[in-house]
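Go ahead and model the full structure; you've got the sequences and the hints to work with.
Number of protein chains: 2
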Amino acid sequence: MSTTLPIIALVAGDCTGIGPEITAKMLADGAVQKAARIVLVGDVRVIELGMKQAGVSFPYVKIASLADADWSAAAVPLIDLGNTDPAQLPPGIASSLSGKLIGDTLAAAIELAKAGKVDGITFAPLNKRAMFDGGWKFADEHKMFAHLLGHTSYFSEMNVLDNQWMSRVTGHSSLREALDQINEESITDAITLVDTMLRRAGFASPRIAVAALNPHAGENGLFGRDEIELIRPTVDKVKASGINASGPFPADTIYVRAFAGEFDSVVAMYHDQGQIATKLKGFNRGVTVTAGLKTVFTTPSHGTAFDIVGQGVARPGALVSALMLAAKLAEERSRQAALA
Amino acid sequence: MSTTLPIIALVAGDCTGIGPEITAKMLADGAVQKAARIVLVGDVRVIELGMKQAGVSFPYVKIASLADADWSAAAVPLIDLGNTDPAQLPPGIASSLSGKLIGDTLAAAIELAKAGKVDGITFAPLNKRAMFDGGWKFADEHKMFAHLLGHTSYFSEMNVLDNQWMSRVTGHSSLREALDQINEESITDAITLVDTMLRRAGFASPRIAVAALNPHAGENGLFGRDEIELIRPTVDKVKASGINASGPFPADTIYVRAFAGEFDSVVAMYHDQGQIATKLKGFNRGVTVTAGLKTVFTTPSHGTAFDIVGQGVARPGALVSALMLAAKLAEERSRQAALA
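Heads up: the sequence lines are chains X and G, in that order.
The opening residue of the first sequence carries number 103 in this note's numbering; numbering runs sequentially from there.
The opening residue of the second sequence carries number 103 in this note's numbering; numbering runs sequentially from there.
Keep in mind that the hints were calculated from the coordinates and are not lab data.
Take every hint as true, because none was put in to throw you off.
All copies of an identical chain are treated as equivalent in the list; a pair is satisfied when it fits inside any one copy or across any two copies.
Below, computed lysine to aspartate or glutamate pairings styled on EDC-like, alpha-carbon distance capped at 20 Å:
id : residue 1 : residue 2
1  : 383       : 364
2  : 245       : 321
3  : 341       : 331
4  : 239       : 321
5  : 202       : 321
6  : 202       : 235
7  : 164       : 150
8  : 164       : 187
9  : 239       : 213
10 : 216       : 182
11 : 154       : 187
12 : 136       : 172
This is the structure in structure tokens:
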């Protein structure tokens, strides 16, 4: 296997969900091993559980550290944390202990990234609430990642499907708090980050639409002046810097236009604005990217699917897409860094 | 024709748009004349324009007042206001004069309703901005209707498609103002009005979902406490009064569930929450109802379609649905009033 392929740490997700099963299916299929040098980070018992649930197997080999990994062999290297005993964590039931453990496991993968040993992290679904209840007191995993990486400036979750990247200025905050977080700096950061990520994903000049905040984009000031006083001037400044952004557009039609192919990305002002549109469009078949941190994280947009755990019917498609995207983004970053 | 059919005033909409054309097509087809006693209110020149644009004709007869209307004849009674000369108002171009005139025309229809002479009003598309610029200084036509009817309490625009009725607690206000308008009274009013309208439309026990305000319905208080302190207690009180309401549900999945058939209605907290979902679902093929006023108003959800005016290609389907719905709602209200 090429030694130039990016190294991606793969975490099988919360073991009470479908993560272990789809991880096993993906690795047994083997396609992703051609796109990245994969190292499993987690508990070997969780990996064995996944194979059993999926009715598949793939070769793996425990390693003590990344230095021992040999990607020329067929066996997937596995760093066994020995921390998660699935026998204690019944499938299909949310568990704060399991939430704590998946947080610990992700933290171990992040340590590898901080040490420069992996180029990206892909993780199978987790349960935000279980993680919070288990002691990882963050509104979402993205905020936990930022904290562990010591990242203090802007970053964002992005939702990717069919080459469209949906992003937002604010995230997991109350709507009132989100309104207070929308300003020139946060809007600029959001648009700039989308542009950076899309260029890294291979777009030459990403077409970025910016959503308005108020109904009908404020209807020329009838229903709010944020568009006139804040959003349009900010979009204009960003455009002047060479980014192919436009807007603000009324939020209730911009997604219709984007899904019809007019834009590569829509930057929403707040969580539900984007999520209502993307969930209706089926973005849960897609990939969620934590963008803006030093390490790229990708995960399937769907959840732990407690209702089908252990039945062998869960499909690995979104996890495969997540891993492929992490590999592509990591590879392109290395290439651009080498050119710089 | 039955003298028990409801009397519906029909306004052909802004004459610079497709309203006259689809009005002519609908009346030439004739199906709606079997569901209601229709009286055209407007300028005869606009009706003639519509016939010419559509390439159809239908019989009409000018009347001086409703008392002269004879619905046993084939000719559609027409009250000619003589106020709108389409020769002065080029098709396909927004015009504040045309906006003023469509407002005047609707006001004349509302006078008939106030006098108890018509049971409902259906109007072809208008242009909100043109009306505002023409001197009807309301955020939307619904607010103008309420003003002219002297209505001061809650009312709402509803969007109807395929037997689903989408409503909202707040409307054409800035998002910040909308947040300040969401309280126990407005939520209760919105749910109660949906229940009333759906019962009138024939639902025995309408299944009403109430959307949350914050991301993930506040995630148990992590991202806002409106759901815990306000929305859930209010929904519970409404349920206790015998209305089949439930929620609050996360806004980004409740529309997916409703469109799959789980609910007859979703009550959004604010404009874009509902409109993002309904526009993606194609509710512009549906009907917009002004609900909660003494008079029922219906209109196609689509707009004036300036890009296709005068080409003869505009389709009357949504206008037909609007008129049929106005007739049904008016008829059922009379029936319920007679029973009471």
